[in-house]
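Each protein sequence line maps, in turn, to chains L and Z. Number 98 in UniProt numbering belongs to position 98 of the first sequence; there are no gaps in the numbering. Number 57 in UniProt numbering belongs to position 57 of the second sequence; there are no gaps in the numbering.
It should be emphasised that the hints constitute simulated quantities derived from the structure, not laboratory data. Please read these numbers as outputs of a predicted model, since none were measured by experiment. Where hints are given, some of them may not hold.
[As the list claims (entries may be wrong)] Listed next, the stretches of chain Z that the computed footprint assigns to chain L, with coverage defined by at least 3 CB atoms under 8 angstroms from CB atoms of chain L:
{"no.": "1", "segment": "37-50"}
{"no.": "2", "segment": "96-108"}
{"no.": "3", "segment": "130-136"}
{"no.": "4", "segment": "230-240"}
[To be verified] Away from chain L, derived, C-beta distances all over 12 angstroms, residues of chain Z:
{"no.": "5", "residue": "Arg8"}
{"no.": "6", "residue": "Trp18"}
{"no.": "7", "residue": "Leu22"}
{"no.": "8", "residue": "Phe25"}
{"no.": "9", "residue": "Ala59"}
{"no.": "10", "residue": "Val78"}
{"no.": "11", "residue": "Lys114"}
{"no.": "12", "residue": "Trp155"}
{"no.": "13", "residue": "Ile164"}
{"no.": "14", "residue": "Ala177"}
{"no.": "15", "residue": "Ile183"}
{"no.": "16", "residue": "Leu248"}
[Claimed, not checked] For lysine to any residue, the following SDA-like pairs were computed, each having C-alpha atoms within a straight-line distance of at most 20 angstroms:
{"no.": "17", "chain 1": "L", "residue 1": "Lys144", "chain 2": "L", "residue 2": "Gly336"}
{"no.": "18", "chain 1": "L", "residue 1": "Lys75", "chain 2": "Z", "residue 2": "Pro124"}
{"no.": "19", "chain 1": "L", "residue 1": "Lys311", "chain 2": "Z", "residue 2": "Asn220"}
{"no.": "20", "chain 1": "L", "residue 1": "Lys75", "chain 2": "Z", "residue 2": "Lys262"}
{"no.": "21", "chain 1": "L", "residue 1": "Lys311", "chain 2": "Z", "residue 2": "Gly133"}
{"no.": "22", "chain 1": "L", "residue 1": "Lys75", "chain 2": "Z", "residue 2": "Ile128"}
{"no.": "23", "chain 1": "L", "residue 1": "Lys273", "chain 2": "Z", "residue 2": "Phe36"}
{"no.": "24", "chain 1": "Z", "residue 1": "Lys262", "chain 2": "Z", "residue 2": "Phe36"}
{"no.": "25", "chain 1": "L", "residue 1": "Lys75", "chain 2": "Z", "residue 2": "Tyr126"}
{"no.": "26", "chain 1": "L", "residue 1": "Lys362", "chain 2": "L", "residue 2": "Ala338"}
{"no.": "27", "chain 1": "L", "residue 1": "Lys75", "chain 2": "Z", "residue 2": "Ala120"}
{"no.": "28", "chain 1": "L", "residue 1": "Lys311", "chain 2": "L", "residue 2": "Asn103"}
By construction, the Cβ of each residue, glycine as well, lies at the ideal position given by its N, Cα and C atoms.
Chain by chain, the residues:
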Amino acid sequence: MNLKTLLLGTCSAALLCGFANAETLTIATVNNGDMIRMQGLTDDFTAKNPDIELNWVTLEENVLRERVTTDIATKGGQYDIMTIGTYEVPIWAKQGWLVALDNLGADYDADDLLPAIRSGLTGEDGKLYAAPFYGESSFVMYRKDLMEKAGLTMPDAPTWEFIADAARKMTDRTAGINGICLRGKAGWGENMAFLTATANAFGARWFDENWAPQFDQPEWKNTLDFYVKLMNDAGPQGASSNGFNENLALFQQGNCGMWIDATVAASFVSNPKESTVADKVGYALAPDTGLGKRGNWLWAWNLAIPAGTQKAEAAEKFIAWATSKDYTKLVAEKEGWANVPPGTRSSLYANADYEAAAPFAKMTLDSINAADPKNPAVKPVPYVGVQFVAIPEFQGLGTTVGQLFSAALAGQMSVDDALAQAQQVTTREMTRAGYIK
Amino acid sequence: MARAVSTRRTVVFTIAAWIIALILFFPILYTIITSFKSETEAIQGFGIVPSGTVESYAAVQAQSNYFKFFLNSVIISVGSTLLALLVAVPAAWSMAFSPTRRTKDILMWMLSTKMMPAVAVLVPIYLIFRDTGLLDSRVGLTVMLTLINLPIVIWMLYTYFREIPGEILEAARMDGASLWGEIVYVLTPMAVPGIASTMLLNIILAWNEAFWTIRLTTTNAAPLTAFIASFSSPQGLFWAKLSAASTLAIAPILIMGWFSQKQLVRGLTFGAVK
């Protein structure tokens, strides 16, 4: 056996060992534009980490939630990284279901994460349990041309009174223009995200300090009355079936004067390839009623590591890559600054190139900074969360109450009946769950 | 006069049949039409004529490995069907030709398992799969779908076998046929239409099963149902892409159903009218 053969043999053996040691990470995610873009850019990560391979599982949001909950609760170990929302992180961290992200690397710069977003992902022990991939608040998107036609000027921080007045003036149903498009489709993440956040601005809250439901209070009556009347006067037909995507299509087709929804929608409505009104859109903060709270929510899609995984180290490496400043630069290089995942890092909003590519950037940042998940309502509350209540029971409760409010919008029941039933259902469930003694 | 009435009745029945067929086929037709629309056209609903774009198919192809999902669907649906037949043919034979006092009870009990909501046993099944290493495996899903569809397969075969006169089997026995020979060489050839239609129906059921196939797989064994589920988006328009993915997923089974519809109809109506 000569030296050449020996060297070749050693190299082959080393290579085989390398392949044998390659770790495969299984990542569960949702089908959002930013997530799909990330899947296309992972060559950068695998080139830097040749010993790690990536497998993607993309699922519908609710199926994903159910799948990862089953897997994590039974310690199935099917996923090494999961995409979860701001709602799940504090609940799952408290249950011990998530691995704390202690080793994101020296250059990760966790202090650069937006404080409001970071605080929602930090456990009671002060550790980060998920890293934000993109974040959002909610704000007003409006048609500048229609606003001008109505003889009005949108302030940067409007009141609900102004919004309602403008919506009625902008409405021209013969021309297919609805003054305002708002969510009406039932679901804790659909109409209840919007209505819970709006209720905060009207001084309402889900529960008092003793977890007593508050739907029988005048603040909720004012909220729901206002919403139903406004939508009847200035909303689109069949609004009780409209969620984010339906309103997005209506706005892009020029059928809405205003739309109050997630800040990430701004990149869709201002994209001339998708939107017929791309050059006519203005932005403003979510409206208030002068009580000190704006109806703007806070949400982020985050990457987290389930406690059952055997590959936590490799998973943390990937999370550090996907939520880093370098990843932002990579997206900007390959796809342009307008396609960078928004709402997670302060440095992005200090970047002039991003400011130029995304005219809604400042308003997005102001909206995110204005949200306060720990003190979401005018009155004190025992829970965390602006557009949700961070307790495990909220998914079911929110959807049930959402169905009642959606029925009130559709005219299938009165506002009073919807609120009375919401109070009854919530009281029953909270008593059953042990919150009310 | 009688002929005129008969012709009118035929016309009425034909029109009614076409209307019912169109109503039944409409969701599939609409899915196919939507797949050739742009996302904006798709969300605007019925009134919009499709622009004929194939951009959704291109996007679906770029985002997923269709063939991998397709292969898993074929292996799981065909595998579970063959496994189910292997168990169901002897079971149905014994119940059809050697019934006991408890046969009807057993049949009803088997059928009752289909009435149980699947989600009620999700966690125990998930734990069994986890402990036996069957999560995200084709073997695990094949066994699962076999068990799910077994009651229907046994019921269908039982119904067909009961239509076969027992005297023929007795004659075979008198001619010295063994039990195995009786089932394989006498019973099975006579029941081919029934077995074929049972097989086709079971393949269709297994192909379309979404609850377990999505929940017990991640990447390796995920079939076309998981492929479809990956195209729904909470933020962003997706109906056209979802329709394109659905069309690609149902196309093979639709083509198979089209070519085998005679067998399917004959098998399903076998014994229905005496």
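Hints, one by one, checked against the model:
1. With 4 residues carrying a beta carbon less than 8 angstroms from a beta carbon of chain L, the segment 37-50 of chain Z meets the three-residue requirement, and the given coverage holds.
2. For the segment 96-108 of chain Z, the assignment as covered by chain L is violated, since 0 residues bring a beta-carbon within under 8 angstroms of that chain's beta-carbons and 3 are needed.
3. Figure legend: the segment 130-136 of chain Z, annotated as covered by chain L; annotation consistent (3 residues with Cβ-Cβ distances under 8 angstroms, at least 3 required).
4. Here the segment 230-240 of chain Z counts 9 residues with a CB under 8 angstroms from a CB of chain L, which clears the bar of 3, and the coverage holds.
5. A cut-off of 12 angstroms between C-beta atoms confirms that Z:Arg8 is not in contact with chain L; the least separation is 42 angstroms.
6. Its beta-carbon lying about 31 angstroms from the closest one in chain L, Z:Trp18 satisfies the requirement of being farther than 12 angstroms from that chain.
7. Annotated as non-interface, Z:Leu22 keeps its C-beta farther than 12 angstroms from every C-beta of chain L; the closest such distance is 25 angstroms.
8. The claim that Z:Phe25 is not at the interface with chain L holds, since no C-beta of that chain comes within 12 angstroms of its own (minimum 25 angstroms).
9. Taking the minimum C-beta to C-beta distance to chain L, about 9 angstroms, the non-interface status of Z:Ala59 is violated against the 12 angstroms cut.
10. Non-interface status of Z:Val78 relative to chain L is upheld: no Cβ of that chain comes within 12 angstroms, the nearest being about 24 angstroms off.
11. Residue placement check: Z:Lys114 keeps its beta carbon more than 12 angstroms from all beta carbons of chain L (closest about 22 angstroms).
12. Residue placement check: Z:Trp155 keeps its beta carbon more than 12 angstroms from all beta carbons of chain L (closest about 31 angstroms).
13. Non-interface status of Z:Ile164 relative to chain L is upheld: no Cβ of that chain comes within 12 angstroms, the nearest being about 45 angstroms off.
14. Residue placement check: Z:Ala177 keeps its beta carbon more than 12 angstroms from all beta carbons of chain L (closest about 50 angstroms).
15. The beta carbon of Z:Ile183 sits about 41 angstroms from the closest Cβ of chain L, which is more than 12 angstroms, so the claim that it is off the interface holds.
16. Separation of Z:Leu248 from chain L is adequate, the least Cβ-Cβ distance of about 16 angstroms exceeding the 12 angstroms criterion.
17. For a cut-off of 20 angstroms, the pair hint linking L:Lys144 to L:Gly336 is broken: about 26 angstroms separates their Cα positions.
18. With a C-alpha separation of about 13 angstroms, the suggested pair L:Lys75 and Z:Pro124 falls inside the 20 angstroms cut-off, and the hint holds.
19. The suggested pairing of L:Lys311 with Z:Asn220 holds, with an alpha-carbon distance near 18 angstroms, which does not exceed 20 angstroms.
20. Straight-line distance between C-alpha atoms of L:Lys75 and Z:Lys262 comes to about 48 angstroms, which puts the hinted pair past the 20 angstroms bound.
21. Proposed proximity of L:Lys311 and Z:Gly133 is supported: the alpha carbons are some 18 angstroms apart, at most 20 angstroms.
22. Of the pairs offered as hints, the one joining L:Lys75 and Z:Ile128 holds, with about 12 angstroms between alpha carbons and a cut-off of 20 angstroms not exceeded.
23. Restraint check: the Cα-Cα separation between L:Lys273 and Z:Phe36 comes to about 18 angstroms, which is no more than 20 angstroms; the hinted pair holds.
24. Between the alpha carbons of Z:Lys262 and Z:Phe36 the distance comes to roughly 30 angstroms, so the proposed pair goes past 20 angstroms and is violated.
25. Under the criterion of a C-alpha separation no larger than 20 angstroms, the hint pairing L:Lys75 with Z:Tyr126 is consistent with the structure, at around 10 angstroms.
26. Taking the CA atoms of L:Lys362 and L:Ala338, the gap is about 14 angstroms. The hint holds against a cut of 20 angstroms.
27. Distance restraint check for L:Lys75 and Z:Ala120: the Cα-Cα separation of roughly 19 angstroms lies within the 20 angstroms cut-off, and the hinted pair is therefore satisfied.
28. Between L:Lys311 and L:Asn103, the direct Cα distance comes to roughly 13 angstroms. Compliance with the 20 angstroms bound is thereby established for this hinted pair.
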